[in-house]
Amino acid sequence: MVVINRINLNRSSYLAITDQPDDPRLQSILEELKTRKKTFQTLVYSQPTNKVKLKKALLDQTIGCYLLIGATPINVREIVQTALEYHFTHLDMFIFEDEPSVKHVFCGCCHFIHDNVEASRFVCKNCGQLIEVSDHFSHYYHAVLGFPNIQ
Amino acid sequence: MTTRIQDFPFPFTQDSYEYTNNSTQLDPPRCVTMTSGYQTEIQLKRNLIQEYPERCYRSFHHSIEAQWEILKLIMSELAFYEPDHFSFRKKGKEFQFNNHILEEEVRFTDRDLSSVDDEPLNLAGKHVQEDLILMGDRDGTLFLDAGQLCFPSNWSLAFVFGLDFKSIHTPVPRVNQTDFIDKVERFIKHIRPGMAWERKNWSVTITEKLDTPLETFPEWGKHRLEVTEENVEELLHLRVEVQRLHRLPQTNDVLFTIHTYLLSLKEMATKKDWLTRFFRNIDTLPDDISEYKGIAYYKNPLMNYLEKNVSKGWSHGRHK
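Protein sequences appear in the order of chains A and B.
Here our numbering is used: position 97 in the first sequence is 97, and no number is missing along the way.
Here our numbering is used: position 259 in the second sequence is 259, and no number is missing along the way.
Treat the hints as calculated values from the structure; they're not laboratory data.
If you're wondering where the values come from, they're calculated on a predicted model, not measured in any experiment.
Cβ atoms here follow ideal geometry from the backbone N, Cα and C, with glycine treated the same way.
A couple of the hints might just be wrong.
Stated by the list, open to error - To give a feel for the contact side, a few chain A residues facing chain B, derived at Cβ under 8 Å:
(1) 82
(2) 84
(3) 87
(4) 89
(5) 94
(6) 108
(7) 109
(8) 114
(9) 116
(10) 126
(11) 135
(12) 145
(13) 148
Claimed, not checked - Which residues of chain A face chain B? A few of them, derived with a C-beta cut under 7 Å, are:
(14) 27
(15) 102
(16) 106
Said to hold, decoys possible - Over the 10 Å line for every Cβ pair with chain A, so calculated as not near, a few chain B residues:
(17) 17
(18) 214
(19) 264
(20) 267
Produce the entire structure from the sequences given, and follow the hints as far as they go.
So, in structure tokens, the structure goes:
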């Protein structure tokens with residue numbers, strides 16, 4: 001119920017996009033939507049074959065549609081970026097949270113994204129720059145900013 | 001690349017630092033300004049865009065309509081206010097823009113992407129000194145839908161692309177403790193079509209580089225650690241961003257333009273009243289703002305320099 005409280009349940013329709021269709025968190029939300037007699041669809045997403053299906057599904061939605069996204073970090077990124085391109089905003093979507101101690105970090109120097117980082121400071125494996133993990137979050141990358149450290 | 005002192009928009013109007021939205025309405029509502037550094041800065045912008053396209057330009061496809069509006073707005077404005085340097089003609093859906101300074105002609109068909117080599121915002125930005133940011137206005141929020149950014153002060157267009165107004169400003173001190181940023185966003189959302197507002201945002205930077213993006217922070221940021229009382233006058237520059245907000249009448253989106261100016265401390269010292277006011281503002285700068293603006297690294301040598309150089313004409317001591 002912690003998750004359901006953070007989802008906008010006042011939308012006209014819902015599209016669940018997931019690469020983990022059996023995720024119990026998603027299932028419980030879909031049950032709740034059923035109870036509330038809300039319209040919803042589910043798109044099972046796997047890279048890269050479903051990108052075309054994703055675009056079509058996004059295009060087919062009516063105004064007010066709300067996205068429920070549950071996937072691996074790479075897939076979340078692709079789904080969110082496609083949705084933003086199709087005029088959705090982060091206010092139109094809910095992303096199932098990762099473990100609170102884990103972050104995805106965007107290197108401020110080379111733009112490489114490190115998934116599942118637990119350290120507060122580390123060396124970018126792409127450019128070698130020492131970076132500090134900040135709290136500045138980008139919905140577009142589903143990652144926080146890694147700020148280059150010069151000291 | 002410093003600005004001639006007569007072109008420099010000195011930002012301080014008070015003798016102490018104040019955390020405020022210092023916007024003023026512009027009449028006429030101009031988006032861009034030309035200075036004597038036009039050719040040099042345009043060449044620098046174009047070089048950066050060519051060399052670092054992913055860093056300097058981002059857009060969503062759904063921003064194209066607003067981009068066309070911006071292109072025509074800027075070209076019209078340039079031709080109207082700088083007729084010796086630019087002309088802009090329309091015949092049906094065909095447009096012709098001439099940049100007489102660069103001896104360039106641009107022809108395009110309205111809203112036909114196949115008629116231009118760049119997206120419209122990127123094309124517009126190649127003829128003005130300003131960085132151009134397009135904020136889409138929807139769902140009660142402003143979103144960064146497109147931008148051409150060549151001269152950022154330690155931020156990354158790539159990272160903030162697609163973010164809402166509040167998320168963009170997460171690193172700004174006090175944003176989360178007060179409703180300041182909500183007020184600023186409300187203020188922008190109430191700008192009426194055709195109206196433009198301007199504010200001056202200042203910081204201090206090392207060397208005379210206009211392009212100080214986050215991506216190259218390790219290259220230029222390290223100089224912050226090299227400032228001493230001996231070299232502070234040469235190294236430090238007051239950086240002022242003249243930021244303008246313009247509500248686009250057709251798409252209702254917001255064009256945010258940023259014109260960046262640099263003035264060396266050495267040159268500022270030739271105007272005692274400016275140096276004194278700068279001193280008083282630095283002296284009363286809260287620590288968190290000082291940290292955010294990057295001044296904390298060299299505040300001591302800077303303050304010592306300022307104290308020595310303004311003390312002749314000022315009898316009061318330091319604030320703290």
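How the hints compare with the structure:
1. 82: It is violated, given that the least Cβ distance between residue 82/A and chain B is near 11 Å, above 8 Å.
2. 84: For residue 84/A, the interface hint holds, since the closest Cβ of chain B sits about 5 Å away, which is under 8 Å.
3. 87: This interface hint holds because 5 Å falls under the 8 Å limit.
4. 89: 6 Å, holds
5. 94: 15 Å, violated
6. 108: This interface hint holds because 5 Å falls under the 8 Å limit.
7. 109: Holds, about 6 Å.
8. 114: Because about 14 Å separates residue 114/A from the closest Cβ in chain B, which is outside the 8 Å limit, the hint is violated.
9. 116: 19 Å, violated
10. 126: Violated. Min distance 13 Å.
11. 135: 7 Å, holds
12. 145: OK, holds: residue 145/A within 8 Å of chain B, min 6 Å.
13. 148: 5 Å, holds
14. 27: 28 Å, violated
15. 102: 20 Å, violated
16. 106: 6 Å, holds
17. 17: Correct as stated: the minimum Cβ-Cβ distance to chain A is 24 Å, above 10 Å.
18. 214: 5 Å, violated
19. 264: For residue 264/B, whose nearest Cβ neighbour in chain A is about 23 Å away, the distance exceeds 10 Å, so it holds.
20. 267: 27 Å, holds
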